[in-house]
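**Student:** Sequence:
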Amino acid sequence: MASSDRNTVYVVLGANKGIGLGLVQALLVRPRTTIIATVRPGAPVVSLSEACLKTSQGEGTQLHTLAVNFSTTTETSALKTLLDHEIRPKVNHVDVFISSIGHTDVMKPVLETSPRAMREHFEVNTITPLTWLQAFWPLMGAPLDEAVAAAPTKIFFLSSSVGCIGEWMEPMPGGAYGPAKAALNWVVRKLHFELENWVQTEMGDIAAKSWNYPGKPPLTVAQSVGGILSLVDGATRENSSGKFLSYDGKEIPW
473 MASSDRNTVY
483 VVLGANKGIG
493 LGLVQALLVR
503 PRTTIIATVR
513 PGAPVVSLSE
523 ACLKTSQGEG
533 TQLHTLAVNF
543 STTTETSALK
553 TLLDHEIRPK
563 VNHVDVFISS
573 IGHTDVMKPV
583 LETSPRAMRE
593 HFEVNTITPL
603 TWLQAFWPLM
613 GAPLDEAVAA
623 APTKIFFLSS
633 SVGCIGEWME
643 PMPGGAYGPA
653 KAALNWVVRK
663 LHFELENWVQ
673 TEMGDIAAKS
683 WNYPGKPPLT
693 VAQSVGGILS
703 LVDGATRENS
713 SGKFLSYDGK
723 EIPW
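In the working numbering, each residue carries its 1-based index in the sequence shown increased by 472.
It is worth saying that the hints were derived from the structure and are not from the lab.
Just so you know, not all the hints are guaranteed correct.
Pair by pair, the computed Cβ-Cβ distance ranges are [claimed, not checked]: (1) 514 with 536: 16 to 26 angstroms; (2) 665 with 531: 34 to 44 angstroms; (3) 580 with 637: 14 to 24 angstroms; (4) 588 with 637: 48 to 58 angstroms; (5) 561 with 525: 35 to 45 angstroms; (6) 541 with 694: 20 to 30 angstroms; (7) 610 with 532: 35 to 45 angstroms; (8) 610 with 645: 14 to 24 angstroms.
Glycine residues also receive a C-beta, built at the ideal position from the N, C-alpha and C atoms.
Hey, can you work out the whole structure from these sequences and the hints?
**Tutor:** Below, the structure is given as structure tokens:
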């Protein structure tokens, strides 16, 4: 039996900086928690390790790190093989899946956005989170004893209001980042209907601090993480599933 069978198991994608790192640090403090954190190879692994050494750790809590390059898509089958070797010997289920993967290098108007930029942004912001969900899915539906299987698995993707195509359409350039996040939003919305007994929530607007909206001061990582974990802890299919939510729980039009 894996040592973390009765821990609450979280997957955090993109965990070496920003919101992802903040989530890992906040979860480390909780007792009986297992965190599977994915980062890019090299310096990101070191920075995550150093940051976590400075964080108090709850009783029985464990951190497992996976180093994978997010710049190019790894096939789902290869990710499953990686999980079989690195994760399955340590955990037998996943309770909460959170993708904080996000990348943009420049925000240009639509007519100035290159095909190369579009492809790169879709690889990182849309395709990679989906392939990781596909790879972890067998662990999210793993049969558990009644004491462990007290709550349904929850799935969260951190998006941005830049990906909104409704009434919140932003006036500033969205480059290739906006359409890539919009595609991710579609995936999440579709999952809500395909997985009738599961919870998927699209949390967004975390990029607000980057543009410093008028009348709205930038959020700190701690504020964002606090709001996100509040949504994670309280999420049900009835109140959250298939919705695009800001960190403070406000619903954003798709």
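**Student:** Is 35 to 45 angstroms right for how far apart the beta carbons of residue 561 and residue 525 are?
**Tutor:** violated (24 angstroms)
**Student:** Does the Cβ-Cβ separation between residue 588 and residue 637 fall within 48 to 58 angstroms?
**Tutor:** This hint is violated: roughly 23 angstroms between Cβ atoms.
**Student:** Could one say that the CB atoms of residue 610 and residue 645 fall in the range 14 to 24 angstroms?
**Tutor:** This hint is violated: roughly 40 angstroms between Cβ atoms.
**Student:** Within 16 to 26 angstroms or not, the Cβ separation of residue 514 and residue 536?
**Tutor:** holds (18 angstroms)
**Student:** A range of 14 to 24 angstroms was offered for this pair. Does it hold for the Cβ distance of residue 580 and residue 637?
**Tutor:** holds (18 angstroms)
**Student:** Quick check: does the Cβ-Cβ distance between residue 541 and residue 694 fall within 20 to 30 angstroms?
**Tutor:** Holds, since residue 541 and residue 694 (Cβ atoms, about 29 angstroms apart) stay within the stated range.
**Student:** When you take the CB atoms of residue 610 and residue 532, is the distance between them in 35 to 45 angstroms?
**Tutor:** violated (25 angstroms)
**Student:** For the pair residue 665 and residue 531, does the Cβ-Cβ distance stay inside 34 to 44 angstroms?
**Tutor:** With a Cβ separation near 40 angstroms, residue 665 and residue 531 satisfy 34 to 44 angstroms, so the hint holds.
When each numbered hint is compared with the structure, violations occur for hints 4, 5, 7, 8.
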